[in-house]
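A.B. asks: Here is how the chains run, residue by residue.
Protein chains: 4
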Amino acid sequence: MRGAAERFRGGAQPFREGAPRVVVAGATGFAGALAAQLLWRHPGFELFAVTGRSDTGRPLEALYPRYRVPLEVEELEASRLEGVDAAIVAYPHAAAAPTVAVLRELGMRVVDLSADFRLASLATYERWYGPHPRPELLDEAVYGLTELHRAQIVGAAIVANPGCYPTAAVLGLAPLARAGLLGDVVVYAKQGISGAGRAFDETTHLSFAGENILPYKVAEHRHTPEIEEQLALLGADLPVQFQAHLVPVDQGELASCYVTPTRAIAAGELAELYREAYRDEPFVEVAPAPPGTREVFATNFCRIYAAADEHTGKVVVLSAIDNLWKGTSSQAVQNLNVMYSLPETEGLL
Amino acid sequence: MRGAAERFRGGAQPFREGAPRVVVAGATGFAGALAAQLLWRHPGFELFAVTGRSDTGRPLEALYPRYRVPLEVEELEASRLEGVDAAIVAYPHAAAAPTVAVLRELGMRVVDLSADFRLASLATYERWYGPHPRPELLDEAVYGLTELHRAQIVGAAIVANPGCYPTAAVLGLAPLARAGLLGDVVVYAKQGISGAGRAFDETTHLSFAGENILPYKVAEHRHTPEIEEQLALLGADLPVQFQAHLVPVDQGELASCYVTPTRAIAAGELAELYREAYRDEPFVEVAPAPPGTREVFATNFCRIYAAADEHTGKVVVLSAIDNLWKGTSSQAVQNLNVMYSLPETEGLL
Amino acid sequence: MRGAAERFRGGAQPFREGAPRVVVAGATGFAGALAAQLLWRHPGFELFAVTGRSDTGRPLEALYPRYRVPLEVEELEASRLEGVDAAIVAYPHAAAAPTVAVLRELGMRVVDLSADFRLASLATYERWYGPHPRPELLDEAVYGLTELHRAQIVGAAIVANPGCYPTAAVLGLAPLARAGLLGDVVVYAKQGISGAGRAFDETTHLSFAGENILPYKVAEHRHTPEIEEQLALLGADLPVQFQAHLVPVDQGELASCYVTPTRAIAAGELAELYREAYRDEPFVEVAPAPPGTREVFATNFCRIYAAADEHTGKVVVLSAIDNLWKGTSSQAVQNLNVMYSLPETEGLL
Amino acid sequence: MRGAAERFRGGAQPFREGAPRVVVAGATGFAGALAAQLLWRHPGFELFAVTGRSDTGRPLEALYPRYRVPLEVEELEASRLEGVDAAIVAYPHAAAAPTVAVLRELGMRVVDLSADFRLASLATYERWYGPHPRPELLDEAVYGLTELHRAQIVGAAIVANPGCYPTAAVLGLAPLARAGLLGDVVVYAKQGISGAGRAFDETTHLSFAGENILPYKVAEHRHTPEIEEQLALLGADLPVQFQAHLVPVDQGELASCYVTPTRAIAAGELAELYREAYRDEPFVEVAPAPPGTREVFATNFCRIYAAADEHTGKVVVLSAIDNLWKGTSSQAVQNLNVMYSLPETEGLL
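Protein chains in written order, with my numbering: chain G, 1 to 349; chain Y, 1 to 349; chain F, 1 to 349; chain S, 1 to 349.
No lab work stands behind these hints, which were simulated from the structure alone. Be aware that one or more of the hints could be misleading.
The list makes no distinction among identical chains, and a pair is therefore deemed to hold if it is satisfied within one copy or across any two copies.
Below, a list of computed lysine to any residue pairs in the SDA-like style, where the Cα atoms sit at most 20 Å apart [what the hints assert, rightly or not]: (1) K217 with T203; (2) K217 with E140; (3) K217 with E202; (4) K217 with T262; (5) K217 with P290; (6) K217 with E126; (7) K217 with L233; (8) K217 with G155; (9) K217 with H311; (10) K217 with A266; (11) K217 with G313.
It should be emphasised that the depicted structure is a prediction, and the values quoted were computed from it without experimental measurement.
Same shape as in the complex, but just chain G (with noise of 0.2 Å):
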């Protein structure tokens, strides 16, 4: 298919010999577009297919003319996946579960960007969502919050992967959470105007997105339950204060996050903390100032930056990143490289 596709221009770099062959599935919407193209000039996967629901037929790039992706979006049809080894899922939630176990019966690994394997407690699950149509599915899941659970991914049959803001979030209190100093926490969220998707409404058209800082879902963010769950995998089982607002930004998202810890802190032992703690990662990095979103835009790092206010004991917690990339796409590739036992930041840097 690449082969027959009439190339517009430029940006694909040629993949390796006996690169895994993976298809996008979902590839219109924000996440499968940007999972497309950078599937496409990874050098270690063929990326074989793109598939929607709406516009087959097209080339991706005619939706997306920046992301040069010349392939033709197709149904995503059984009989066309033969030899195609994994696939990224970009369905909404209860609309994935369904097409991941049309895959697995295929053999395929997949990373599923919906919330429907999210959770661990499908009680949980079914409370905020509702019934959850592959619960058996579950067991073979893996939560895709690469720094986490990088080694259950390594063999991990479907990767969950993880919502924008727990992203931000979790990264930024994990630290605490391990050693145990989270007390009262309270979330607060912005986000770009791309975090709404490619839905055409008030909350993305420039005339009400523009000029305009608007909170929504107070008290009901389908986020918080996947926030409390991963600090509880951590030791810090409690409830967390989570809201989320957007701002007429495209990409973007910080997650500040205000710690009434279990016990004083001082400003040396939080810095140390944070920095033990992600010495090694690729795609984090612990920030000498409070970081912008612009410092994150368009990559698959989170940066950030903790303090200790003495005027009120608590710790602030800033942590930035692009929700379309690290907080969606980018980390769906990162998690693929990391399945693969590819370098974790081929196809990223």
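Position chains Y, F and S against the provided structure of chain G, taking the given hints into account.
C.D. replies: Frame of chain G, contents of chains Y, F and S only:
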């Protein structure tokens, strides 16, 4: 002077016979320029002169073409101020107080936009700002959050116009503070770039500020003591965790407040508390949904939404203003209206 | 209806005794909503009702929280229109004319925002838009570029509010056209996203429209014949090269016109020509420097700058408006003011 | 130096054995900083040092946290340059030439980003810029619009990197110029704020530049003679009407060119002309639709669309680049690739 000016065009309203004469000192900055424009169109005041320490001799509308105020910027000289009733002073802190002192000696009433007269406690002022240049004037000053101190503003010689963050935060938290419900408080504020004023640096350059979410002044923002002092006056004497962020809007500010209440509070009681508190306020709107800052852009309104989070037991209060209007210049005019017993909304709707 | 409405808050001015009653038909789109807001605050008109084909029963301020118009959206029904004097009709072309016909039968005067009555030549209309639904009404219509056709607007039954691009371009070029100086003309226009209206698509999505400069409708824009017809009326019958671009602002439009003059013209003569042409116009500002659209944001002003280029012999005219205000809704109110012999600037400064 | 640097984190690629050593002089401005980042990741060059006249001793990534170049800014000293092969010089015009002279004496090859060596005609240079500081070097310089002068760039001692507007305009117009089809030409260009560089003033302040469309340098832009000289080389010796505008994007530039052709040209012939002209160019894309600048954001691509307007007989050419990449820094790297016979796309895809 108004008659002598070569008007560029349009915009000015004729003022009423006998209207108080007002000068804007420091009209070349954002706050002063907007105050000048508001007064220029206000039927109840005569904008007599605009002064500045730079750009003297240039019409203000050459500096701010969008404001259409043709008065030329002058140096501030006592000899020119005979017969002038009042001033809005838009100088940086420490520079403001000596100027206010001069104007007071001339018998003028002053709305001061700096921090110099906002804090009742001299000790607190000096801890955050250094030595106070005119502490003897503190007794003449009233804190100008109009909705909370209207009665004292009527006769005040000096009105200390609040900081923009305290305006949004204190209006948002006042009903809870008065009701004795304020336990732990975290205030997360996001503001547009105009909050940095006419400063030309990396904070305001579109190539840095655009596509960015930037936390700043972590654990050290000078608006913290102002919020704390006002809440204490309302009965809630506690440290406030405050954090500010810059986002790429021009004018807009949202204070997102998370409160651990001193007792459980139900949604209905919370709604009633806010409705009651602001029932008669012309410029505070208790909103039925989380407010975006765009809803209050270029207005003197503060729009507030309060919600109880059953999951965590916390109360969320979202308070939106235009940092340059209600947060600064239009609130100064609102205060002038009150000081001169004009209709409080005149010139502001 | 106004009395019955549960007002959210603030904003409305009481109107004068005997003020004409006006309806806005199609108030749920950008143009209609802004027209409604302008009338809601206008002391010289009573905004009697707002109608729409969707969202009936919802207060307009629920759709546009920034406008604070509490009237509920109704269906347009003749029975409700007794005693209503005039209407602003904000429908798409072809849909507008039949509605205008109904309102005319009820004896109402109409400002129509669509293209249906802008072109005097039926043949030209049908070449660009297809069959005209009510060609018999064309004779009743006056082209509503207020500055050029004021005398006819006073008594008009139908005022065809100009397109936003023609407003900027024709005001910019009229002095040259009248003076017989227009040779070859190229108009390059750039507009904010609000020009696309409430359409939710890739044109308006911040993740597409942000950080983008997008030319559109190359060599086929429907505003071309409107500009040509108006220039011909002024004595310059020639084809106009017109090209539009979208840029990431909300409201703002700049027509940059390059003219090969029919004879050499010196800078002084050019300046005098423009000064003279607009000396008495309250809403046209001949500017001393190239105008940015921000200078006319949210105003009814058109700001024009003309320069002679010695290098090429061409004349450059830059004409800035707010596409949603002078380009659409505030010009409609300006026309209503003229139609009802109110001060032309009332409700617009 | 690279080894000695305390890297902040991530990003750098190891360079090949024997890779030419390159210095970026003037790395603290936008153009130099991006050139440094591109070279830091380029496998075919060793970025040996970054120099600046301010901020010496600070890591470049402290000034530009998004670029992750840990080298400290140094003063430019001849003693440090032994064994260095080449330089990218990012100084203002007139300051650049003397520095280039020094580097040439050391035997280094130079890509100069200023205007000092762009104009072949000394007389033209001096009319627009004043006395030339090193006219004797003009003979060593080649104009670095890679696609037009590739053959001479290979062996050049000095490559004069083009201005951003000439890059877009000349690539857009070259096929017509070569074919003898260029009659009258108007170039309307719109550019993002990064084009103003790291200047901190009203041009770049978000509160002025946001929500604005601002024409500037009317009838006097210095890029005009550069465009004219290049078109003359291609056979079209004529004055060009050029006008620039700033719009609120960061990086992006669109040259919209209106051409009165010397003879009628049909759509098919026009399409063929452009397809042929750029068939083998890796970085010029002849697009099937009008290109938005977002499509070339942060790339070295130039995307061009040409159309014949039947109504006026004119030809419209739309040419989009990223002003900071293809318009400046990435084109400098493209030229370095050509100078050192590396694959032209290396480090740029």
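A.B. asks: Hint by hint, say whether it matches the structure.
C.D. replies: Quick rundown of the hints versus the structure:
| no. | hint | in the structure |
| --- | --- | --- |
| 1 | K217 with T203 | within (12 Å within a copy, 26 Å between copies) |
| 2 | K217 with E140 | neither (31 Å within a copy, 45 Å between copies) |
| 3 | K217 with E202 | within (15 Å within a copy, 25 Å between copies) |
| 4 | K217 with T262 | neither (29 Å within a copy, 24 Å between copies) |
| 5 | K217 with P290 | between (26 Å within a copy, 9 Å between copies) |
| 6 | K217 with E126 | within (18 Å within a copy, 41 Å between copies) |
| 7 | K217 with L233 | neither (26 Å within a copy, 33 Å between copies) |
| 8 | K217 with G155 | neither (36 Å within a copy, 44 Å between copies) |
| 9 | K217 with H311 | between (31 Å within a copy, 13 Å between copies) |
| 10 | K217 with A266 | between (35 Å within a copy, 19 Å between copies) |
| 11 | K217 with G313 | between (29 Å within a copy, 16 Å between copies) |
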